[in-house]
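Could you put the whole structure together from the sequences, leaning on the hints where they help?
These protein sequence lines are chains U and S, in that order. All residue numbers in the first sequence are consecutive under the numbering used here, ending with 211. All residue numbers in the second sequence are consecutive under the numbering used here, ending with 1211.
Hints are computed from structural coordinates only; laboratory data are not their basis. Be a bit skeptical, because a hint or two may be false.
To be verified - Below, a list of computed lysine-lysine pairs in the DSSO-like style, where the Cα atoms sit at most 30 angstroms apart:
1. K45/U <-> K166/U
2. K45/U <-> K10/U
3. K166/U <-> K1045/S
4. K45/U <-> K1010/S
There are 2 protein chains.
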Amino acid sequence: VLALAPNARKIPVGKRSGQVSADQAFINRLLVASAREGGVVVRLKGGDPMIFGRAHEEILACANASIDVEVVPGITAASAAAAHLGASLTMRGVARSVVFVTPTVAKNGEHDDAWADAAFASQTVAIYMGAREAQRVMHALVSRGTPLTHPVVLVQDAGRPEAHHKAGCLNDLPELAGNLGAGPVILLLGDVFADVMTSTNQVPHELARHA
Amino acid sequence: VLALAPNARKIPVGKRSGQVSADQAFINRLLVASAREGGVVVRLKGGDPMIFGRAHEEILACANASIDVEVVPGITAASAAAAHLGASLTMRGVARSVVFVTPTVAKNGEHDDAWADAAFASQTVAIYMGAREAQRVMHALVSRGTPLTHPVVLVQDAGRPEAHHKAGCLNDLPELAGNLGAGPVILLLGDVFADVMTSTNQVPHELARHA
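Next up, the structure:
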């Protein structure tokens, strides 16, 4: 996308798990100030801005400053991970529901496992920003009744050329999450991933290449 | 996308709600037969193929015929609808979970309202292929405990230039769904849509234009 705008002024405000990055309020102010200078401001994000993308804060900041906003949807990490694996999130006869949840909470630091109720009630689950809390994620799901043998896949750098994954069952989650690189990780759970867990024979070459 | 392939042979196999369209088994055979003729076969779909897109059947048919498959992810209707509305599906402090479900079932015709458990447990809900069964959807959600005042938005033709929406509360759902056009409809529920229901002042121009 950046290659399409060779003359744009680029201001990186990227976030990385566990690292210091631009504060959201600073980003909001920067968006508004840049728009007031005139010209078109693009706030470029990875994934889909409307799914765990903080779009709301930025849209509201612009709306309060009477700045018109257009949202361009993107490929959320769960879709990118499904394409990487060659595994549908809603396989007919296996899953008619897929939930995207996050176990992380904002700076007030309060932990709340209501997300696990949503995860338990849905047949396919994509957990965003949960790899660093694999132990807590596993305990919350098991306490709801998810079996330890439930299929789990971790996809790192979903949507990027360097995407790769590890598969196992819920019992393996803390171990699988233990030695990952720096890129963002999405945790996937559900019977739709049973083939990823047990075989690489009936899946597309993308998977075989990374297995 | 079609404009990028002026020399491709195009075979329409599209589906439309409630209309006769190409049978899935026929599509699978056509994919395999076309690939065996040589060349590259593209199965172009709207939305994301891995979310209520029947990708699994087609991937499996190709895998069983030893045909390599690469899946390109797409913008699922819920993401397109969120962009259209300017409403995040996971607003911080309001929703940490969003579920995509469908109340429809395959040809055996059996109705099963387990999807409603997943919908009730999640803070934001996107219901695919549910507008024709608005009454049943409403009853299933109310029976789980969703209040009749819960915000509801119906977005028709999400992701297309002609996208438009109607907003109300769960109690209005059958009426809102009653007089829709022919295009696909996604039902959205959740407190993240409260602003769509009650105001058009603080939302982007996309919304104001269609309101």
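Hint-by-hint comparison with the structure:
1. Our distance criterion of 30 angstroms between C-alpha atoms is met by K45/U and K166/U, whose separation comes to about 26 angstroms.
2. Restraint check: the Cα-Cα separation between K45/U and K10/U comes to about 13 angstroms, which is no more than 30 angstroms; the hinted pair holds.
3. Proximity of K166/U to K1045/S is assessed by CA-CA distance (about 28 angstroms); at most 30 angstroms being required, the pair is judged to hold.
4. A threshold of 30 angstroms between alpha carbons decides the hint, and for K45/U with K1010/S the separation of about 34 angstroms lies outside it, so the pair is violated.
Against the hints set out earlier in the document, a violation occurs for number 4 only.
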